[in-house]
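S.K.: Sequence:
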Amino acid sequence: MSQFSLSTVSLPPPSSSSSTSSALQVCNQRIFFRSFGVQDCYRFSSSSSCSKPKVVVTRERGKNGKLINALAKHGINCLELPLIQHMKLPDLDRLCSVLSDTAFDWIIITSPEAGSVFLDAWKAAGTPNVKVGVVGAGTASIFEEVAQSSKQYLDIAFAPSKAIGKVLASELPKHGNKKSTVLYPASAKASSEIEEGLSRRGFEVTRLNTYNTVPVHLVDEMVLEQALSAPVVAVASPSAIRVWVNLISESKCWDNSVACIGETTALAAQSLGLRNVYYPTNPGLEGWVDSIIEALKVHDQFQKV
Numbered sequence: 001m002s003q004f005s006l007s008t009v010s011l012p013p014p015s016s017s018s019s020t021s022s023a024l025q026v027c028n029q030r031i032f033f034r035s036f037g038v039q040d041c042y043r044f045s046s047s048s049s050c051s052k053p054k055v056v057v058t059r060e061r062g063k064n065g066k067l068i069n070a071l072a073k074h075g076i077n078c079l080e081l082p083l084i085q086h087m088k089l090p091d092l093d094r095l096c097s098v099l100s101d102t103a104f105d106w107i108i109i110t111s112p113e114a115g116s117v118f119l120d121a122w123k124a125a126g127t128p129n130v131k132v133g134v135v136g137a138g139t140a141s142i143f144e145e146v147a148q149s150s151k152q153y154l155d156i157a158f159a160p161s162k163a164i165g166k167v168l169a170s171e172l173p174k175h176g177n178k179k180s181t182v183l184y185p186a187s188a189k190a191s192s193e194i195e196e197g198l199s200r201r202g203f204e205v206t207r208l209n210t211y212n213t214v215p216v217h218l219v220d221e222m223v224l225e226q227a228l229s230a231p232v233v234a235v236a237s238p239s240a241i242r243v244w245v246n247l248i249s250e251s252k253c254w255d256n257s258v259a260c261i262g263e264t265t266a267l268a269a270q271s272l273g274l275r276n277v278y279y280p281t282n283p284g285l286e287g288w289v290d291s292i293i294e295a296l297k298v299h300d301q302f303q304k305v
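Numbering-wise, the sequence shown is residues 1 to 305 according to UniProt numbering.
Check the hints yourself; a few may be wrong.
As the list claims (entries may be wrong) - Keeping only pairs whose Cα atoms sit at most 30 angstroms apart, straight-line, the calculated DSS-like set for lysine-lysine is: (1) Lys63 / Lys73; (2) Lys73 / Lys304; (3) Lys73 / Lys88; (4) Lys131 / Lys73; (5) Lys131 / Lys166; (6) Lys297 / Lys162; (7) Lys189 / Lys66; (8) Lys123 / Lys63.
To be verified - Here are the simulated distance ranges between beta carbons: (9) Gly273 / Gln85: 55 to 63 angstroms; (10) Gln301 / Ser141: 50 to 58 angstroms; (11) Ser51 / Glu193: 18 to 26 angstroms.
For the record, the hints were derived by calculation from the structure and aren't laboratory data.
Computed from a predicted model, the values in this text were never measured in an experiment.
Beta carbons: idealized from backbone N, C-alpha and C, even for Gly.
Please put together the full structure from these sequences, using the hints given.
M.R.: In structure tokens:
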């Protein structure tokens, strides 16, 4: 288990580079607030009790259930505060036709959302035979149910030794001496390290930006107030951590912990100046839960001092 302890740094000024400006666009988008009654506020909790939540879960609405249930087994109460939402992009329509018309040596999937989007297009394309490489166990879990019933068509054939993109790009097997082809459906915000790394090794990569991750437009002000007092915020993407930093920018005293699903998100938290950052060596639900529990234990120890 790893933890960063970092000094707070200010956000960088706008840059002319596309990667930096896209990150700052997420940070600077306005998020509107709305107020509800107390009973509405608590509907985000993992239990019907009014006990104070220990962990804020921040994935898109409807996708926090597994984490909430896993933490509930440890007696940990959660508050659901979705920070991001996903938008379809034009390449999603192309994905279905590309899968129907072209055979690839590999399909590369690097996030659960990319996996869900791919599966919908794959089914619409008539479930052609595909060989899939995933970045780690968390992403692979998206395919488990489908793979059991469609094993002859959907082969989850590769995961790297470490669940990060650059390692995937360096370890993906090639097919003999011929130029291996790769289809990479991804978020528009995903970095270019995978296609660049594979291209340097001689792969022919087709990238399709099938969706984008954007901040939610409305945040319940009462829920945010509760979230700011929770010991741990759980985040699963750099986009979510950027939104959180934007939300807490006026709360100068916020100094609680962030538990990230993996190293990539943790590095994003580090770059934004967050100090108490926890993450598992291998991304996935089990390791994420362990990181959250570790963060809570450290918090409780400080409370006793």
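S.K.: All hints, please: hold or fail.
M.R.: Hint check results:
Our distance criterion of 30 angstroms between C-alpha atoms is met by lysine 63 and lysine 73, whose separation comes to about 18 angstroms. In summary, the hint linking lysine 73 to lysine 304 is supported, as the alpha carbons are separated by about 24 angstroms, within the 30 angstroms threshold. Taken as a hint, the lysine 73 and lysine 88 pair is broken in the structure, with Cα atoms around 34 angstroms apart against an allowance of 30 angstroms. Among the hinted pairs, lysine 131 with lysine 73 is inconsistent with the structure: their alpha-carbon atoms are about 35 angstroms apart, more than 30 angstroms.
For a cut-off of 30 angstroms, the pair hint linking lysine 131 to lysine 166 stands: about 20 angstroms separates their Cα positions. For the proposed pair lysine 297 and lysine 162, the alpha carbon gap of about 27 angstroms is at most 30 angstroms, so the pair holds. Straight-line distance between C-alpha atoms of lysine 189 and lysine 66 comes to about 24 angstroms, which keeps the hinted pair within the 30 angstroms bound. A hinted pair counts as satisfied when its Cα atoms are at most 30 angstroms apart, and lysine 123 with lysine 63 qualifies at roughly 21 angstroms.
Glycine 273 and glutamine 85 have their C-beta atoms about 25 angstroms apart, which leaves the hinted 55 to 63 angstroms range violated. The hinted range of 50 to 58 angstroms is not satisfied by glutamine 301 and serine 141, whose Cβ atoms lie roughly 32 angstroms apart. For serine 51 and glutamate 193, the Cβ-Cβ distance of about 42 angstroms falls outside the hinted range of 18 to 26 angstroms, so the restraint is violated.
When each numbered hint is compared with the structure, violations occur for hints 3, 4, 9, 10, 11.
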